[in-house]
Amino acid sequence: MSTAIEEHVNSTGVDNKKLMMWIFLGSDCLFFGSFISTYLVYRNRSLAGPYPNEILDIPITTVSTFVLLMSSLAMVLAVSYVQRGSQVIGRYWTLATALLGLVFMGFQVYEFSHFAHLGLTPRTNIFGSTFFVMTGFHGGHVTFGVIWLVIFAISRLAESLKQKLLIIGSVFSVIIAMAGTMMTHTLDVIPNIPSAVAYSVFGIGLIGTIGSLYLLKTSDTQNIESIKKEEGNLELAGLYWHFVDIVWIVIFTVVYLISANDGAPLL
Amino acid sequence: MTTISYPTLIPRPKEYVSGVWSWLTTVDHKKIGTMYGVIAFFWFLVGGIEALLIRIQLSGPEGKFLTPEVYNQVFTMHGTTMIFLVVMPLSAAFFNWMVPLMIGARDVAFPRLNAFSLWAFLFGGILLNISWFTGEAPNAGWFAYAPNTEVPFNPKNGVTYWILGLQVLGIASLAAGFNFLTTIINMRAPGMTFMKLPVFIWMTAVVNVLIVLAFPVITVALIQLQFDRLYGTHFFNPVMGGDPVMWQHMFWLFGHPEVYILILPAMGIVSEVLPTFSKKPIFGYPFIVFSGIGIGFLGWFVWSHHMFTVGLGPAANAAFSISTMLIAVPTGVKIFNWIGTLWGGSIRATPALLFSIAFIGMFVIGGLSGVTHAAPPSDAQQQDTYYVVAHFHYVLFGGALLGLWSGIYYWWPKFTGKFLNEKIGYLHFTVVLIGFNITFFPMHWLGLDGMPRRIATYPESMGWEVSNLVASLGSFILGFGVLIFIYNVIYSRKGPKNAGNDPWDGRTLEWSIPSPPPHYNFETIPEVKYRDDFWYKKYPELANESHGGGSGSEEDSHGESHSEPHMPDPSYYPLFLGLGMSIMIGGFIPFTGHWIVCGVGLAIFIWSFLGWCYEPVND
Numbered sequence: 034m035s036t037a038i039e040e041h042v043n044s045t046g047v048d049n050k051k052l053m054m055w056i057f058l059g060s061d062c063l064f065f066g067s068f069i070s071t072y073l074v075y076r077n078r079s080l081a082g083p084y085p086n087e088i089l090d091i092p093i094t095t096v097s098t099f100v101l102l103m104s105s106l107a108m109v110l111a112v113s114y115v116q117r118g119s120q121v122i123g124r125y126w127t128l129a130t131a132l133l134g135l136v137f138m139g140f141q142v143y144e145f146s147h148f149a150h151l152g153l154t155p156r157t158n159i160f161g162s163t164f165f166v167m168t169g170f171h172g173g174h175v176t177f178g179v180i181w182l183v184i185f186a187i188s189r190l191a192e193s194l195k196q197k198l199l200i201i202g203s204v205f206s207v208i209i210a211m212a213g214t215m216m217t218h219t220l221d222v223i224p225n226i227p228s229a230v231a232y233s234v235f236g237i238g239l240i241g242t243i244g245s246l247y248l249l250k251t252s253d254t255q256n257i258e259s260i261k262k263e264e265g266n267l268e269l270a271g272l273y274w275h276f277v278d279i280v281w282i283v284i285f286t287v288v289y290l291i292s293a294n295d296g297a298p299l300l
Numbered sequence: 024m025t026t027i028s029y030p031t032l033i034p035r036p037k038e039y040v041s042g043v044w045s046w047l048t049t050v051d052h053k054k055i056g057t058m059y060g061v062i063a064f065f066w067f068l069v070g071g072i073e074a075l076l077i078r079i080q081l082s083g084p085e086g087k088f089l090t091p092e093v094y095n096q097v098f099t100m101h102g103t104t105m106i107f108l109v110v111m112p113l114s115a116a117f118f119n120w121m122v123p124l125m126i127g128a129r130d131v132a133f134p135r136l137n138a139f140s141l142w143a144f145l146f147g148g149i150l151l152n153i154s155w156f157t158g159e160a161p162n163a164g165w166f167a168y169a170p171n172t173e174v175p176f177n178p179k180n181g182v183t184y185w186i187l188g189l190q191v192l193g194i195a196s197l198a199a200g201f202n203f204l205t206t207i208i209n210m211r212a213p214g215m216t217f218m219k220l221p222v223f224i225w226m227t228a229v230v231n232v233l234i235v236l237a238f239p240v241i242t243v244a245l246i247q248l249q250f251d252r253l254y255g256t257h258f259f260n261p262v263m264g265g266d267p268v269m270w271q272h273m274f275w276l277f278g279h280p281e282v283y284i285l286i287l288p289a290m291g292i293v294s295e296v297l298p299t300f301s302k303k304p305i306f307g308y309p310f311i312v313f314s315g316i317g318i319g320f321l322g323w324f325v326w327s328h329h330m331f332t333v334g335l336g337p338a339a340n341a342a343f344s345i346s347t348m349l350i351a352v353p354t355g356v357k358i359f360n361w362i363g364t365l366w367g368g369s370i371r372a373t374p375a376l377l378f379s380i381a382f383i384g385m386f387v388i389g390g391l392s393g394v395t396h397a398a399p400p401s402d403a404q405q406q407d408t409y410y411v412v413a414h415f416h417y418v419l420f421g422g423a424l425l426g427l428w429s430g431i432y433y434w435w436p437k438f439t440g441k442f443l444n445e446k447i448g449y450l451h452f453t454v455v456l457i458g459f460n461i462t463f464f465p466m467h468w469l470g471l472d473g474m475p476r477r478i479a480t481y482p483e484s485m486g487w488e489v490s491n492l493v494a495s496l497g498s499f500i501l502g503f504g505v506l507i508f509i510y511n512v513i514y515s516r517k518g519p520k521n522a523g524n525d526p527w528d529g530r531t532l533e534w535s536i537p538s539p540p541p542h543y544n545f546e547t548i549p550e551v552k553y554r555d556d557f558w559y560k561k562y563p564e565l566a567n568e569s570h571g572g573g574s575g576s577e578e579d580s581h582g583e584s585h586s587e588p589h590m591p592d593p594s595y596y597p598l599f600l601g602l603g604m605s606i607m608i609g610g611f612i613p614f615t616g617h618w619i620v621c622g623v624g625l626a627i628f629i630w631s632f633l634g635w636c637y638e639p640v641n642d
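Chains A and B supply the protein sequences, listed in that same order.
If you count the first sequence from 1, you need to add 33 to reach this note's numbering.
If you count the second sequence from 1, you need to add 23 to reach this note's numbering.
Be a bit skeptical, because a hint or two may be false.
Here are the simulated BS3-like pairs of lysine-lysine, each with C-alpha atoms no more than 30 angstroms apart in a straight line [as the list claims (entries may be wrong)]:
#1 B:Lys302 / B:Lys87
#2 A:Lys50 / B:Lys520
#3 B:Lys87 / B:Lys54
#4 B:Lys179 / B:Lys303
#5 A:Lys51 / B:Lys54
#6 B:Lys302 / B:Lys561
Calculated from the structure, these hints are not laboratory results.
Only chain B is shown next, with the shape it has when bound in the complex:
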């Protein structure tokens, strides 16, 4: 190709091998995944501290530790942080790391777009949390119900920070969603048909379909709320014909698929961990896969169960009650399949497996309490009580986070080439599981006893003192468990690189390459014949038709040895596009001179957009 001279206006990164710039300009899915994980873990600590502040405040009656206003800010930011800045990006870290490795690809479909998602996520999180330093953090709950979020009731800028931060995070998630869907649909190794995909990849696909379809809805709702707040429109203003219930519909039309966005990645991880440590193929693969799809599909028809007490009428309530109960069917199918996978297996109780088993147990508890508020009459009692808090912490912490921790212990050797210390891992598991149950189980009683959510204090002699104190003590045990995990990571860094390619006798393609993988992942793109292909390559005598095999080509795929594959060049523009976009969107917050900030962001945005378009990058 004739080389075109590019002016200094659009610089190209040198080949940074190490140092800060090698991370800032990277388009490698593994580095991006690592950064997702590290940043999300940082926010996990922030959100955890917010949780501890809440528990200190509620440990006794008439708590004076936080003022009611600060308490509102803390619980709002705790929820928002844990959902958008912790569970989603931690899942994204696994998507980034594992999707190309498990489907036998060298990178995702759009490496620069992938880097852009990461930076937009980082800056979106920062934008959201800047509000702490201006003293006006969001205070209206993670669901931001209008009209409580409208200016007359909430004149400070907190909700505006929340809206705009979520917009940036939404753009990050959407970009990642397009990218991963394209990657999964189009970049599977030869022979890897859809029914041979690892279950984790299937769940990733379902999650990203949900992201791609659910986030536009919240984007529009946030735009409308922002216009209401900043420009005086009337979308949710009943005085002028608007309707606050419209916000609830739009929020939960996004919000309920969102909870499946949070839980399905963990379900995918568990479906990888259990077979490996039971030395059995997953039990009922098609059932697990179609149940995941079923959950993703039904998840669109249940949103109004968050609104049973709004008064939508018996017909709507009955319909949404039935659809909600229906979701328990595919979920139950999955749980039986996981148990069936363990049944009769030769089980190795590593920390990864223990976390997966704990996931099943805790998720069943959370799922069952979920079914109890699928019935409108019973939900009317539980609405806005601590019973609901107990329910969603059992599915989000006991479910999603334990599942993600299982994935961390499972894939850590692949990420780093080193094992996380197993003994410390057992301790971490034990302390977290005990602390978690001591924290959240009493909340069931508190809720049934009528303690409302989101109250900053409660009077003495309500009979809530003991349970609250126990929950607060439990939360510190839980926090200690997290510290043990951090210690484990630091401790294990000193360990030897002895993981090898395949430390767990794994089943899927990522275990066929070195740990940590070279930057091009696969020297030769593997050819896939079976579900759990790597397992049957190792143990060909076990292969038979019933394991999804049959249609692949017989001959070995090791062709001529390749020279090192050429990977996409690094680029400055994902970083600056994300930065410019976030500054521009942040510039809508009405502080003095905010249009100047917006303009600066726009300038960076346009410059990096043109750089993105015109730099000769090959993705």
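If we strip away everything but chain A, and leave its shape as in the complex, we get:
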């Protein structure tokens, strides 16, 4: 079933969705550009500790950065397999990308909680404010990418819509638990939710995810047309994923490599 919109002439030869993705990424450059500029403008202006040199742990973040870079590799493999017709293998690589993204998020949850434990929260000083909000919104982007990739992967791995919704629901509960943990540790904005609740939601979500992934069966109910369309969608997810990855490289450079030795300001 093709529609009027699809059969419409395409002035540039670039797919509509791909064109929009590039425009969106241009817009997102300004979004992260604003956060990064704020961070740089406010660098060395904290009036109270802990300062970056007391708190940043480059080795650990290097590991998480490596994980994120490897997820980009998995992403490339996923797109490549799907485009060469290996639908199922491509789907599993997509899941692998999402999983690596979740691992990266796990590092971030750990980092946020650890920093909070050491006494650095967004309230402590201007370094905390800029650091947590910038990396938090980057984490939000990674999370959205994970959801997107999972939705894509199970579009042909899961058999029924019920199973798809089960998987998505589990992934969402994992993510909500992680986000809740980050927020309770750094901001105390969710009152009266003990971490036990967060951990049980996390656990249930994880079990749900693993269980439903175990039960996955390949579904072959779609025809060539829809496969073509899905290839396009995975390429879009790939563009997004690589962009978010590049942003992290900039953040890693600016926050961890450049300002790792920033201490108390010289007044």
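Given the coordinates of chain A, work out where chain B should sit on it, guided by the hints.
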């Protein structure tokens, strides 16, 4: 395709032909455009009433009509409403209606995303205005300068409503921006190269580039302010190393492109109306187009002219002064081109043309007063006085709104198939123009006489009484003019559907199809050979190389007759995605139990997001 069974969890709309659900589930750009227009006009009335309240309060010295606190809320909401809920969405109504029609497309690139933009705009406006009912409307001005907006100085929730309402509206604008840019770049009819696009489409493209690049900046600034207010960060808190001037930079880095977002659509409309009613092609098309691009580009390098009195130093002030004055060049080019278009034309003075001509006049006045505060020393005198109020009302009301009204009179026959009554239109035009000038011209004098903006009262014997009284009387004349317009709309609804396809002897593609257009717009996608292609199809003897023609194919494009084109299916999810998102974002306002509201919004959001992903819609 093998049909996949979809559970009741994700329902699909039936083919609603009429009734409420046909509007709520629509993905048709024309219906969406109409809803944008109607909702924006409703907010225009709200913002207008707020303006009248301000004028009643200031009509005499020592006004007691509003308390200072309510006065602050009213002027804040007046500005915010008029900018984000009136001029931008009214422009969006024209984008929605006209972009596909003028480039020869059947819909925008992403119909469901388009519907989502509309609903996010609606709910964002509601979120912003709920604050009236909780008694704590935003009160810090539309620019919300920190640290005045920080909790110690502004402990109520008003500014939080403002932040979150603007976030929702920003998401709506961004989604629309991605959509229209993609549509314009990728869905032009065959043969319609960029230099054959109607000027309105060019200006729409420039505006949407500005939206796409400027809104992320305000999004980040709003996030930072929200974190400052709700979660105790220190972005704009000088005690902890933050910097209020950072807010000003980020706000105006968005805010100045924003004023071009407001004015360029009206400039585009005027550039369509003038040629049609002068029976001449637009004078100097490439100059108009590149001036529009130039304005959009230079608009990024002038933001600090809002901050001349902050003390950024002579170097910064000089640089921003020069770049600001530079913007007058492309603007002046446009004005001369419009006059050149009228020159020697066979002019038909319809209300649409009169509004366009008034646009030129009023915009020149506003533009010239703008140039006077491009110079820092003179701006230091004018900063925060009524002179600035006069300036931006001349460009926003005398500019943007008169231009939009011109578009309403021009395209109304295309929207509805009926004419707006011309005699009532003349009356509407006359009363609005007179009322507008009586309201805002005296503000120049008030400002030069030193009357500050945003003051709730002023003492007697300052010499401001007469001008203020005149301005207040003028504002009621202006309000009466708006009522005449409403009467015209109601009156013209009863009229016959006699507009036909091409009531004005138009030049662009939208006049080649019936009024109102069928839901698929074009039965056959037209093939374009010339700039103003429809005109040269009607009058082939006038066509020559100088009108942008030349490279198209010669043969007529009327191929085999098509069956009715299949259009995208309606969907529930744009509505519910917008609703869920707005409830979720509104749930960040710290009232009792707000996390529950946020959770409910999140649930609706996730459900409609999945519905959006998995429903087999073809856009």
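Structure-based check of all given hints:
no., hint, result
1, B:Lys302 / B:Lys87, "violated, 54 angstroms"
2, A:Lys50 / B:Lys520, "violated, 39 angstroms"
3, B:Lys87 / B:Lys54, "violated, 44 angstroms"
4, B:Lys179 / B:Lys303, "violated, 57 angstroms"
5, A:Lys51 / B:Lys54, "holds, 26 angstroms"
6, B:Lys302 / B:Lys561, "holds, 13 angstroms"
Hint compliance for this structure: hints 1, 2, 3, 4 are broken, all remaining hints hold.
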